[in-house]
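Q: Residues 14 to 448 (the working numbering) make up the sequence shown, in order.
A few of these clues could be false.
[To be verified] The following label-pair restraints were derived from C-beta to C-beta distances:
1. ALA254 x ALA157: 43 to 53 Å
2. ARG47 x SER441: 24 to 34 Å
3. SER167 x ALA16: 23 to 33 Å
4. GLY186 x ARG317: 58 to 68 Å
5. ALA254 x PRO15: 49 to 59 Å
6. SER77 x PRO430: 52 to 62 Å
7. ALA254 x GLY186: 38 to 48 Å
8. ASP70 x ALA109: 18 to 28 Å
Bear in mind the hints are in silico, worked out from the structure with no lab data behind them. C-beta: ideal position from N, C-alpha, C; glycine also.
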Amino acid sequence: MPAPDLSVVIASHNRCDVVLHTLDQLRERTRGVRAEIIVVDNRSTDGTPDALRRRGDVTLLELSENLGSCAKALGAEVARAPLLLFLDDDSYPRAACVETMIECFDRDPDLGAAGFTVHLPNGAQECSALPHVFVGCGVGLRAAALRDVGGLDSSFFMQAEEYDLALRLLGAGWGVEIFADLEVDHLKTPHARRSARTTYYDIRNNLRVVARYLPDEFAAVYRGDWLLRYEWLARRLDATARGENHGAEGEAPVAPASVITREAVHAGADDSVDGDLDGEHLTAFRRGAADGDRLALSDRRAFRTRRMTRGQLEPVFQWEEIEERMRRLATSGVRRIVFADFGKNIYAFLRGAQRADLDVAAVADDAWSAVGRQYRGVPILPTSQALTSRPDAIVVSNTSSVQAQRGLEALAAAGSPPVYAWHATPRSTMQPLSL
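Work out the full structure, taking the sequences as your base and the hints as a guide.
A: Next up, the structure:
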C-alpha cells in the first residue's frame, strides 16, 4: 500500500454524531488526495469507537484517558505522510483547500505550518490574538518540521497549545503563516457557554508560554498583563452567570488595578476583591494561575537554551514595528491618542506610544471597561466616554486580524478622529512573502 500524501489528525471525546459528520465532509474534500485519516478517541463512552471501527476508512487510536485537543500529538506520531492536517472533530476544510495547502508546502520548503482562515456558523471568523499563531482546528504542518521541534506538547491538554507550537517552529527557523485562501468551517457555537475548565487552562498555559519563550525584559510584563486579563475575564463570566449587569457585558465593577502580584493570585477566595462573590470561573482562574506559575518555574529552566530573541519574536509581538508607527504619528503632529481595544498584546502599543512621547488618554473598550479600571495607569472606558478626551487620533490596539478589523470598521463608520490599525492580514498562498 503506497504511503499517503496527507495525514489528517482529529481528536474527539463523546461527540459521535459530530465526528461522523466531519468524516463525511472530509471524504468529499480529500477525493483527489491520497490521504489517511487518524482519529484519536479520548476515552469516549458514547459509542464513538465502535462507530469509527464500522466505517473502515479511518485509523482509530483509542486512549485510556482524556488528553484533550492535544491528543492529536499521538495521532501525529503514527502519521505516515510528509504533511499533516490538524482538525477539530467539528471542523473541516472547504472545497479544494486541501490541494491548495499541499501545493503551498511544495512551493516553500521552509514552510513549517500553514494556518487556515477559520469561519464560524454565524459568518464571523476566528483567529489567534497574535499574528503567525494558527488556530488548532485548521492547520497544515510539515511532518519534518513537527518532528524537528518535538511535536505537539500533550501536557497543555487544551488552550494555548497553538502558541507553544507556533513559537517553537518560528524559533527553529521554520515559516509559520496564515493564509486567506486556506479555509476551514468550524461548527462550534460562537456564543456557547465558556467552561471553567477553559478558564483554568487559558491562564495556566499562557503563563507557561511566557516562561518558555519570552526574554527577561518582556517575561514579567506579559505575565502581569495576562494574569490581569484572564482574571477580569473570569470575573465577567461569573457576573454574567449570576445575572448581574453592573459593567460592560454583565461584568461587575472591580477596584482599580494596573498590575497583579504573585501573592494576590495565590491568595484564597476570601482575599479576593469580591470576597464572597467568587464563582466557578474566578476559582478556576486562581487554580490555573497557581499551577501555571508552578509549571512556569520548571519551564523557564528547561527552555533556557530555546528562549527566543526579540528578533525572533518580532513578527509575533511587533514591538519595533508598532514603535516605529507611533513615531511616525508623533512626527505628523499627533500628540494625544486613544487606544481602541484592550487587546492581548496591548503592551506593545503602550510601549511604542511611550517611546514616541505620545499621550495615551484612555483605552476605549465597551467589553472590558468597568468603574475605576485601568491598564498600567491608563483608564479603560466605554468608547463614547473615551472619545470625550478629544484625541488627535485613535489607534486600534489589537494585533488580532479579526478583532482589529472589526474595531477599525466600527470606528471609521462612527466618524471619529483618524483611526489607525496596523494589524497583519492573512495573505494568499500565491502571494510572495515579500509583499
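Q: Checking against the hints above, which ones are violated?
A: 4
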